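Chemist: Here's the letter readout for the chains.
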Amino acid sequence: MSSRGSSTQTGQQRPSAWYAAPAVLFFGLFAVVPMLLVVYLSFTDWDGFGFPQPSGAGNWSRLAGDGEARDALVLTLVFMVLSWLVQTPVALLIGVWAAGRQRNRAILSSLFFLPLLLSTAAIALLWRSVLDPNFGVTQSLPLLGEFNFLGDTSIVIYTVIFVITWQYVPFHTLLYQAAARTIPASLYEAATIDGAGRYKQFFQITLPLLRYTIITSTVLMLVGSFTTFDTVLILTGGGPGTATRIAPLYMYITGFSGFEFGYASAVAVLLLALGAGLSLVVTKATGFRDMNSQQEGA
Amino acid sequence: MTVAQTATLPEAPTGATAAPPVRRRRGGSPGGRRERPNWLAGVLATIWLVIVAVPLYYLVAASFRTRQDYLSTSPLKPPTDPTIDNYVTVFEGGFLTYLINNVIVTVATVAIVVAVTVPAAYAVARNAGPLVQRFFSIMLIGLAIPAQATIIPVYLLITQLRLYDTLLAIILPTAAFALPVALLVMTNSLRDIPKELYEAQTLDGAGPFGVLRNLVLPLAKPAITTISVFTALNAWNGFLFPLVLTQSESTRVLTLGLWDFQGQFGTNVPGLLAAVTLSVVPIFVLYLVGRRYLLSGLTAGFGK
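Read top to bottom, the protein sequences are chains A and B.
First residue of the first sequence? That's 1 in this note's numbering, and the numbers climb one at a time after it.
First residue of the second sequence? That's 1 in this note's numbering, and the numbers climb one at a time after it.
Among the hints, a few may not be true.
[Unchecked claim] Footprint (simulated), chain B over chain A, 3 or more residues, beta carbon under 8 Å: (1) 22 to 32; (2) 126 to 137; (3) 255 to 262.
Derived by calculation from the structure, the hints in this document are not laboratory data.
Keep in mind that this is a model prediction, so the values were computed, not measured.
Ideal Cβ positions, reconstructed from N, Cα and C, are used throughout, including at glycine.
Let the sequences and hints guide you as you build the complete structure.
Modeler: Here it is as structure tokens:
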């Protein structure tokens, strides 16, 4: 009780709003202000050096007729859907498997989680050299050696999806593993007594009981792949050509390579709006918020 | 045999802490398993294991190869003439500077996030006023803001503040974008503290600050660990902010340094891979000594 008489107002029992002030200031300055600023910038011309010059709705009318931007958005959409389709079953199955209690699983699952320890830059650079058409690992393998994973415009997007999967599956596996552990064994025992086989048990017990985790994981995957940027930048730079130029990368290249920051801001606003809309739709459609509050109450 | 399993099971992971896999192994006898081997899952897990392990093996093996060896031998064979020259080259290439910068950025970001989040979460958990609660809702919306989409105004802001190409330029936005998750985790944890404990403190005459110091801080330790690890990983692995907000060698952080090595080393792939390997070592050590904490930080806010 040595802290008694610390200089605060003793009459007041609860913390005042001032306790939140530093967080408000900080978040306001570096997150809220930029969000408003990017809207303003989308109505200016700015080469990144002097001051932004107001330019009316020029950027927006340009964006409306920009085929490259449209292509980038379509590619992003394809990328999101395919990433989700690939990652979900893999993460779900491995997560459920890793939640089991058999021998060796502890060791094996700690191996599975290793990619989590690598930064995005490390992962992208590692895969760049693994997939190198001259000296890479795939080149030395019989069947895989036939492909130029990073140079062939028709397969490079799948390569990116694969690397993203490699990077993020361990995280989602963790979510599924933790959730699968909470399913009571008695359910499975009862099912076994009733003569339900393993696959029946999986589809009728495991899957339904993991539905909230599937939703959480889906939200994170969709929002995550919508804004994926650095992996693709390092792995392919958006190329070859524009084969992997997804929307966030298009924005980055337009701004920081093309020095058209005003126009890039318009693309950024579009991304912000679509990203927020996406989160909203997914959370509304799936009851993600309700689920959160349920857990808080639990 | 099946009955014995029941006793081990209700081991629900609590809070944001993802439970470490399989701590208890019952009796150790294989006969204690309730299932026959699941071949399909086993095969899938093995395939995935190969996909995960081969690149990592290649990474470490190649980092010990001579360039000649790298160009001439199959990448999956062990190095014929292992050498640490690549590591020497990496350190001569400025790796230490990048490492120190990374440590500074990480420590400072964590310090800011913890210092700002704990009192804010305390206010959100204990002050029902509309002002604080509205602030909390706005912060939660922040969870959905992709940092990428605000990078241009952040760049403008940082140049106007004359912070461009300083470590502070990386630290401030990184901390700001880690705040929503940190606040969410911290607030949930403080809400779990029983009201009676707060009331007892008040009866003892403690003001809000006293409560913060005597009650909140000690009880929030696990949550502080979680948000520290979460923030530290974000800062350690961050790429976009350093890429856009710094340029010179003296302010370069590790992730950018790796990318730079890629250009600088050209065909010296073993050198690049040695740098990549080195960049993983600190996190790997953390993984070995504090796996639990690392995993809780990784899934902060979602690992329920």
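Chemist: Take the hints in turn and mark each one as holding or not.
Modeler: Evaluated hints:
1. Against chain B, the segment 22 to 32 of chain A contributes 9 residues with a C-beta closer than 8 Å to a partner C-beta. That satisfies the three-residue criterion, and the hint holds.
2. Requiring three or more residues with a Cβ within less than 8 Å of a Cβ of chain B, the coverage given for the segment 126 to 137 of chain A holds, as 9 such residues are present.
3. With 3 residues bearing a CB less than 8 Å from a CB of chain B, the segment 255 to 262 of chain A meets the requirement of three and the coverage assertion stands.
In this structure, none of the earlier numbered hints is contradicted; all agree with it.
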